[in-house]
Amino acid sequence: DVKVTQSSRYLVKRTGEKVFLECVQDMDHENMFWYRQDPGLGLRLIYFSYDVKMKEKGDIPEGYSVSREKKERFSLILESASTNQTSMYLCASSLYGGSDTQYFGPGTRLTVL
Amino acid sequence: ILNVEQSPQSLHVQEGDSTNFTCSFPSSNFYALHWYRWETAKSPEALFVMTLNGDEKKKGRISATLNTKEGYSYLYIKGSQPEDSATYLCASSGNTGKLIFGQGTTLQVKP
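If you read the sequences in order, they're chains A and B. Residues in the first sequence are numbered consecutively from 1, following our numbering. Residues in the second sequence are numbered consecutively from 1001, following our numbering.
Any given hint could be a false lead.
Unchecked claim - Mimicking BS3-like on lysine-lysine, the simulated pairs with C-alpha atoms at most 25 Å apart in a straight line are:
no., chain 1, residue 1, chain 2, residue 2
1, A, K71, B, K1098
2, A, K53, B, K1078
3, A, K71, A, K53
No wet-lab data here; the hints were simulated from the structure.
Turn these sequences into a full structure, and let the hints guide you.
Here is the structure:
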């Protein structure tokens, strides 16, 4: 079974802090994705990566950056957290492109005070 | 339709009822339509991926159909059970390599 893990289930940070959300997948998938989920809006793509050191902006990249130094790990970075970044963050991976089935982690609920 | 839209937003049914939801998506540049089930405190789980017009997929009491020409998919649950309570997400992919998700339909099945 594919396993996607995220470093924290719940996280509370203060405005202005730098925040790292880590995601690890164990199935040698090429593609990894970061989404945020807000009530009534569905999952929105922040960034994705097709390969190590490759990254592409999604639909809402502002205020975020990513890092993929190893194939199995994809990190989401909030350079200076703000209250409007309070959300549920989901990581996913897929073997091939975005049209392939994506496997999700359990999510990190981030609260920025 | 520029976005992926799901209806209804939420649904409450009694155990044993059959139910269905709708997903509307842009029919141009269509590549695949995905359905996921997201139970509380768990990861979203893939149910179906469909690519061909007229596709029908089935998994136990859950089935889905696809109409790519008019841009919609239906998800059916026959004889709903409390364990079917979840948010059901659909997502469409075009040739961009990304999934565009709808806002989800939250199903509550009362015993």
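Each hint, compared with the structure:
Between K71(A) and K1098(B) the CA atoms are separated by roughly 19 Å; this keeps the pair inside 25 Å, and the hint holds. For a cut-off of 25 Å, the pair hint linking K53(A) to K1078(B) is broken: about 46 Å separates their Cα positions. About 9 Å separates the Cα atoms of K71(A) and K53(A), which keeps this hinted pair within 25 Å; it holds.
Violated hint: 2 only; the structure is consistent with all others.
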